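Chains as they are written, first to last, in this note's numbering: chain A, 1 to 311; chain B, 1 to 259.
Just so you know, these hints were derived from the structure itself, not from any lab. These numbers come from a predicted model, not from an experiment. Beta carbons: idealized from backbone N, C-alpha and C, even for Gly. Any given hint might turn out to be false.
To list a few chain B residues with every Cβ distance to chain A over 12 Å, as calculated [to be verified]:
hint: 1; residue: L11
hint: 2; residue: L35
hint: 3; residue: V169
hint: 4; residue: V206
Here are the simulated distance ranges between beta carbons [as the list claims (entries may be wrong)]:
hint: 5; chain 1: A; residue 1: V174; chain 2: B; residue 2: V114; range: 45 to 53 Å
hint: 6; chain 1: A; residue 1: G12; chain 2: B; residue 2: R255; range: 19 to 27 Å
hint: 7; chain 1: A; residue 1: L186; chain 2: B; residue 2: V186; range: 32 to 40 Å
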Amino acid sequence: MITARHLEKSYGPVHAVRDLSFDVRPGVVTGFLGPNGAGKSTTLRLMLGLDRGGGTATFGGRRFVELRRPLRVVGAVLDATAFHPTRTARRHLRMLAASAALPEGRVDDVLGLVGLEGAADRQPGGFSLGMGQRLALAAALLGDPEYLVLDEPANGLDPEGIQWLRQFLGQLAVQGRCVLVSSHLLAEMGLMAQDLVVIGRGELIWQGAAAEFVDRFTGREAVVRTPHADLLAGLLQQAGVPRIEQEPDGALLLEGVDLAFVGDLAAAHGIPLHELSRRTASLEDAFLRATGTAAEFRAVPSPATAAGGAW
Amino acid sequence: MIGMYRDALRLEIQRLLSVRSTYVLVSLAVTTAVLLDLFIAVFSPVGTLSHDDTAAALTVGADLSPLSVVGLWVGVLAVTAVSHDYRYRLVRAVLTAVPRRGVLLAARLTVLGVVAAACASLVPLLSAAGCLALGRRPVLDTTTAHVVAAHLVVVVGWAWLGAGVGWLVRHAAGAIAVLLVVPLIVEPLLLLAIRWGPGKALLRPVVPVLPFSAAREALGQQLDPGRGSIGALLSAVVFGVEVVVVILLTWAVVRRRDA
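Extracted from the complex, chain A is given alone in its bound form (with noise of 0.2 Å):
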């Protein structure tokens, strides 16, 4: 289990992270969400003592900087270029492995692990930030550790890596490992997490399931389509049903309402029914609602979008 308590950190007024706390179970994938400048990379960076800030993080019970050897403790994936461009990636990671007293074999099982066998002797200047990428990654997995910590690990992959990289952190958490992923790739973590942390402003917004997370910040929508879309309207709004809207497409979308409850109601009264479905939110709209409040930095939309035009 990582356990993060208390984390804190401050840039003169600002506070990047503010009584944060939260736990990381092991055997799934917890994506790290947040707004930019939420303190993702900040609470990171705390968690494995890189930024001097308040608050504990532990793995398995101990602090980072407790550890004797941390890299077969804990893989950290921070930054994607983090490489002196002409040190080979073989070299680099030797230079890593040597300090937690891996076998040099180790290197190359991680170079093929990442898929970079074929350029373990280049120099890592000419990388593009994919190979970047599975170089941090080949680095977090030298020591096998049991815990992962990775910081946009899919920022630069492309498609295939994407997806290779959501199958491997999948099987890395059924070993029963913690992996805390943060991501701005929303659609990504939707498929790859099964928890979630949410932060907003440095604090903590929401942790849990992420099923839960996606209906706790939407609810759950019924869409029904009919012929007589006003005619329905009118009985479920004296039925009580507390919000009900009406698409462009003609269908109306109804919240807080059981889906049998419109079916009777419209059976009640024969009005023919074309659709009565239920729609799930994305885990962006969720996201987006949970942290609507919290965005750091939001962009002022063109007036044509505004308005609700078209390009």
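Given chain A, work out where chain B should sit, using these hints.
For chain B alone, coordinates are given in the frame of chain A:
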């Protein structure tokens, strides 16, 4: 803690030996120093060199010059070894492998010190062999041994100063500028002010504690014990203490700094 230090040493050895700049700078340190030593020897009288000429021909005149040539190169090596961490953002990767910053700092200083000592040992050996080949026989006695030993201490000090300033400045050009400006401009100007300036009586006690002047005197007073005010050994101690002060300041800054 000793185990962590050993682990950090292994990383630092790998780190230093796995980049080309290390070999380039070590080669430059040795070849330029030996060539300059032989240049000095060539312009010395044929036959056995005097003590002064021997010292000059084995240490590139470090007993007279504000700069130690070998020291400067290993100082640059130390600066790059540290500043590359920041330039290429390696510092986080390294600190996730060795999270105890004091252990990392000690290991890096050890490795740089060993490389500096190796350069400072190799140069007099090659220079002495070159002198003999040119028909200029160096005086190989205790005085020369003391000069060479003092030079070794000074060169290691330069390496540690380079690392310390590199950590403090985090920028190679800035750190190298500090290493050049202090001995070439700041100290000579201070010495001029002390000799001719209005507050010379007040400033005179400062002379023995100017770091690079003290390093020079640690060598020079082996040859001419009467030329300074505090002696060769004490001059070496002054230089050493000042290097340690820079390292302690570095430690105080690095341990609190965000990586």
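Hint says 45 to 53 Å; check whether the CB-CB distance for V174/A and V114/B agrees. holds (46 Å)
Looking at L35/B again, its CB stays over 12 Å from all of chain A? holds (27 Å)
Distal placement of L11/B relative to chain A, Cβ over 12 Å: It is violated; L11/B is separated from chain A by about 4 Å at its closest Cβ, not greater than 12 Å.
Between L186/A and V186/B, does the C-beta distance stay in 32 to 40 Å? violated (56 Å)
Minimum Cβ distance from V169/B to chain A greater than 12 Å, as the annotation requires: Per Cβ check, V169/B is outside 12 Å of chain A; nearest 19 Å; holds.
Is the hinted range of 19 to 27 Å satisfied by the C-beta distance from G12/A to R255/B? holds (20 Å)
V206/B remote from chain A - nearest C-beta pair above 12 Å: Non-interface label on V206/B holds, nearest chain A Cβ at 36 Å vs cutoff 12 Å.
Checked against the numbered hints above, the structure violates hints 1, 7; every other hint is satisfied.
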